[in-house]
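Q: Per mature numbering (1 follows the signal peptide of the UniProt record, and there is no 0), the sequence shown runs over residues -37 to -1, 1 to 565.
Worth double-checking, as some hints may not be accurate.
As the list claims (entries may be wrong) - Beta-carbon label-pair distances, calculated as ranges:
#1 325 to 475: 22 to 32 Å
#2 445 to 288: 28 to 38 Å
#3 68 to 475: 53 to 63 Å
#4 234 to 390: 57 to 67 Å
#5 155 to 88: 51 to 61 Å
#6 351 to 68: 49 to 59 Å
#7 337 to 375: 17 to 27 Å
Keep in mind that the hints were calculated from the coordinates and are not lab data.
No residue lacks a Cβ here, since even glycine has one placed at the ideal position from N, Cα and C.
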Amino acid sequence: MSGAGRHRRRARIALPVAAAGVAAAVAAALLTSSAGAATALPQPTVDPAISSPSPAELKQRVAGAMAGDDTAGKTAKSSLSTSTSTSTSTGSVIDAKIIGGNTTSISSAPWMAQLHYYDDRGTASASDDIGFFCGGAVVAPTKILTAAHCVKGYDWHANGAVVTGTAQLPSDGGSDLHGGTVSGVWRQWNHPSYNARTIDNDIAVLTLPVPVRATPIRMTTSGDTASYAAGTSAKVYGWGRTSSTGQDVSETLKTATLPLQSDTTCARTYGADFVKGHMVCAGRPASGSDTGTTSACNGDSGGPLVVNNRIVGVVSWGVEDCVAKGAYSVFAKVSSYVGATYPRVDDTNISGDHRADLWVRKASTTTGYSKDSKGSSFAARESWGSWKGVNLVLQTDLDRDGHQDLVYRRSSDGDVFRTHYVISSGSWSTQRIADNWKTRTRIITPGDVTGDYLPDLLSVDSAGVLWIYPGKGNGSFSARVKVGSGWNQYNSVRGHGDFTGDGRTDLIARSKSTGSVYLYKGTGKSGSGAFSGRIKVRTWKSTTYNAFDAVGDVSGDGRADFLARTPGGTLYLYKGTGKATSEIFATRISVGTDFKQYDIFG
């Protein structure tokens, strides 16, 4: 669908904060009561690459998109995107429907997002400008789930605007948002196997530079089959075309109820165009006209198909004009893509480039360093100043604001702190989140364990009991929940993200007595059922490796990776394969031989 890919610029990705500033904030938190506190380093700053454009510029983008007449990702197959023209110059009245649907309010679908794209090519003629509209859904405060054909080939950072919090399309040339909020786009991701010709693997995520207030909706899970049973009622939402005979889109959010169809029915209708397992179709056979047809249509692209308050599909493609006799709407099947997509929802890292970075501390000087991931290696280290008085540092994003938080434990009393960047003030803030955890043998920040899309905190106490502290999404936690005992048999418990490709957070633990390495698959539940029975995946005795780290998706392929250091100081990257077997990791790759000098891995 890259007829719309006439123009593509490389978005500049840069550090979200100055590393020296992070060190300053942490040093201040650690040394406020110390008479020997060092002089503070410069305050952190946010790179302009992630700062949202001015409201005036964003509204200009909205206005340009509203006036545009392009179709996102246009190919020979009919993708369900369109211009945002709402003119009624023919005298026709815009019906309150998608095609066959009903008007709905933003309170019933608070996660709906409008994606406006306008690229003014800078020439005297407007004929080469690009302007179009897609739908999307807020799945985390800074994350919008949409279709790849709305994203691939476009520079959303330079030209995009996202409107949330309103059921109305903008009016008055984009200046009236009807109570909604407009945001820029920081970065974009589409499925790496997206095929513009076949519209296969049609799923993408946009990351916003600031959180939005919209209530997120979750994706379904990889093991969900019940939601796709033929006849299951699903709801589609969007602002797309309301008639097959005109190009007008709806000025007000619409929803329609569609029954899910079986793969057999979809394949019988579309033949090889329908890719079983990657796509799902829904609706009743179109009648050949607006009358008797209920369908998604152009302009609904990227919007969600919802079952039981979970996204099961993303509006992808359909027949031209949407009502051809016997046709169905086709959606990307979210259960097949949640494994690849969820890491993009939880992909906060130091440099903000979709690849997890490494944080280490040099033992002899207590200097902390960050090393930016290059996919299969790490860039030269960057100093973060002295981290004296700390015996644990972990990278996470407890408030899902798109900026990486740091969780660290003070050696003297075991208190645990979280330091995070406050976007509104442009400064760092530090809070104590645990008191006297000196005897906790393990502390882990693996992401969302309980399945609510809010990052959690885990710890193992001196008795070997593993506890979950369910995150509230703001850096605080609910009352702890017991998982089980016996966890002090492990001399390492690490995890960040999904190792098995099912969209759930997992753990990797090593037995101190045998060196056996076990996978604990996350279930998305809390309490004793939070993890499935352990699966042995390796044997790594302390003579093989004496330090580990799990920081997430280092390679950027959508799978969590693992890092292991030899006693001699060689650090190996084990890229994840997504398999819950002994083949969980690919062949190791050396990423350096000088890691013996570091005593803390983030």
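Q: Tell me the hint numbers this structure goes against, listed in increasing order.
A: 2, 5, 7
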